[in-house]
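A.B. asks: Sequence:
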Amino acid sequence: MADYLVIVESPAKAKTIERYLGKKYKVKASIGHVRDLPRSQMGIDTENNYDPKYITIRGKGPVLQELKTAAKKVKKIYLAADPDREGEAIAWHLATALNIDINSDCRVVFNEITKEAILESFKHPRPINMDLVDAQQARRILDRLVGYNISPILWKKVKKGLSAGRVQSVSLRLIIDRENEIKNFEPEEYWSIDASFEKNKKQFDAFYYGNGKEKIKLTNEQQVKDVLKGIKGSEFEVLNVVKRERKRNASPAFTTSSLQQEAARKLNFRAKKTMMLAQQLYEGIELSKKEGAVGLITYMRTDSTRISDTAKTEAKSYIETKYGKDFIAGEQKQAKAKANAQDAHEAIRPTSAMRTPEELKAILSRDQLRLYRLIWERFIASQMSPAVLDTVTVDLQNNDVLFRANGSQVKFAGFMKLYIEGTDDQEEETNKLLPEMEIGDKVKSLEIEPKQHFTQPPPRYSEARLVKTLEELGIGRPSTYAPTLDTIQKRGYVQLDAKRFVPTELGEIVHQATLEFFPEIINIEFTAQMEQNLDEIEEGITQWVNVIDEFYKDFEPRVKYADEVMEKIEIKDEPAGEDCEKCGAPMVFKLGRYGKFMACSNFPDCRNTKAIVKPIDVKCPSCETGEIVERKSKTKRIFYGCNQYPECDFVSWDKPISRPCPKCSALLVEKKLKKGVQIQCTNSECDYEETPSQ
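All you need for my numbering is the position in the sequence shown, starting with 1, plus 1413.
Among the clues, some could well be false.
As the list claims (entries may be wrong) - Now the in silico label distances, taken between C-beta atoms and shown as ranges: (1) Ala-2079 to Pro-1896: 42 to 48 Å; (2) Asp-1556 to Ser-1778: 30 to 36 Å; (3) Trp-1568 to Glu-1460: 23 to 29 Å; (4) Tyr-2058 to Glu-1601: 45 to 51 Å; (5) Ala-2079 to Glu-1860: 38 to 44 Å; (6) Ser-1730 to Glu-1704: 16 to 22 Å; (7) Trp-1568 to Glu-1601: 43 to 49 Å; (8) Glu-1460 to Phe-2002: 45 to 51 Å.
Hints listed in this document are in silico derivations from the structure and should not be mistaken for laboratory results.
Values in this document were obtained by computation on a predicted structure and should not be read as measured data.
Virtual Cβ for every residue (Gly too), placed ideally from N, Cα, C.
Let the sequences and hints guide you as you build the complete structure.
C.D. replies: This is how it looks when you write it as structure tokens:
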């Protein structure tokens, strides 16, 4: 019989940890929280120091009873929930339910699920950290006070099923503010002049910079004409040559935020999917019968870029073996943690640098492997030497008209041998060589081409960009980004269009109501300060009751005022311009959870509904009588089908175009490729295709 009971959150972890600890230990899982605030009521005594009323979560009674039974049979109980605020709170709730002294050495934390890390952590048990617990409680109570006060008002005044929250309401505000920026954007004209030159039969490109004294911005066509008039002949003189050596350092290992951003850019993963896969890699994957399940990465909810000395040593050993000593980074200064960063554990890294992605190809699923490779490469690269680039800037002059050419060449690849960080605009470092030139040399212009441009509005937020913005503003924490983005989509406040967030009409209405009656909830500075207050609770600087009280004494009267004054908002149905085929009543556009749809105005007597479809002016190639329309699948992916469905079942993921294939007369479609859109023939025996358009 076991002497010790260890309680973790996940059954997957339980099996792995029990194998590491041996026969004297029995490891069981709480499967997350066992107690929480009730769902049917506020559950907070606002008259008595905001005392929370915790109850056993529905369905967790048998789990808790099993843990109580197991607890009676052992000498000591260890609580080994995740190493963060949420995990500390789970440990505290378990201690309360199982009558464990919170001041005893009952708490065990580890950052990775490997045998060495587990055994080491059990050498250093500690009491439950009540500052961490209080910080989690404060967040939970704060979110409950906001959600359970504002949401019922939105239900009553706008529509059932709505909600508001500190982080989600600010996220919605950022998306709506950006949409308004785009709507109000007035493009400005500007011009560029690009030129190609030749030196010793080698061609290179340059751009108009200004005159010999200053850089000049070209804002209209007349300025361009004046510049071109000033160029006398095709000969330019090399006015200046500047050669520099530039070092480019590797990015640090991942935090939660940077992992979500990079996975979105490079793997096209949503934040929710990234965290789900990371959880699987952290909790353990069965590698072999002999090894069993092994945690492949460290804990995936972290603000820290810190790396342990042991991990650094192992990474450097791998780098030396694979690439040589020159590729090992020198002593690096530890990046200073942000003021609000939770630096309790390390950055996200592989538990073993020696466990390469190639070794795991046959074991991991495709998406698990892609995410593991990203984490592994980023970590190894973070311990590699900087890349060294030779850069050259050459100024070319003709009669006081100055063109500039830039060139760069990777002199030493360093970390770039393995990994280059993605960017939102997908620019990458490339070699751009210039011919050898010295001051006074003459070069010949081959072509000078002026181009008109207009400034573009700021882009809508992608998931990666929104996560980055929230992090920069100090709003939310690693554990909140993915669920927040999920919530605003589930509520129907925003939808994704070409992987960018667009606010819906419902989102605009909810935002306006929140802005008018609860401005502090969507105030960025206020929300960021509240996060700071929660951090101060964690650090033991301030008491959680004081933080909640300071917020609630101003918030409570606003709730009463909104309930009395806010007018009921009627979302009027917009005529759809067609009649119901079942009863003949006019069809209308209605606003649902997933956006607009068509419904019969004779509801509830007639419950006919239809998805909104968009014609693309292409005849159906299958039935030859219907029209092809654009539709959306349940997962919101766009596809194309015949409007005569179900009589005609033609369907295509690729957009059909109106003209037939010139070789075989079959249907042509637009195929989306990385390089652009390519037109291809759908006939498998025909090889007709057109060059991708950018």
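A.B. asks: All hints, please: hold or fail.
C.D. replies: Comparing the hints with the structure gives:
1. As the Cβ distance of Ala-2079 to Pro-1896 is approximately 47 Å, the hint placing it in 42 to 48 Å holds.
2. Here the CB-CB span from Asp-1556 to Ser-1778 is close to 34 Å, well matched to the stated 30 to 36 Å.
3. The hinted range of 23 to 29 Å is satisfied by Trp-1568 and Glu-1460, whose Cβ atoms lie roughly 25 Å apart.
4. For the pair Tyr-2058 and Glu-1601, the supplied restraint of 45 to 51 Å holds, since their beta-carbon distance comes to about 47 Å.
5. A hinted range of 38 to 44 Å holds for the C-beta pair Ala-2079 and Glu-1860, which are about 41 Å apart.
6. Taking 16 to 22 Å as the suggested C-beta distance range, the pair Ser-1730 and Glu-1704 conforms, at roughly 21 Å.
7. About 45 Å separates the C-beta atoms of Trp-1568 and Glu-1601, a value consistent with the hinted range of 43 to 49 Å.
8. In this structure the hint that Glu-1460 and Phe-2002 lie 45 to 51 Å apart at CB holds, the actual value being about 46 Å.
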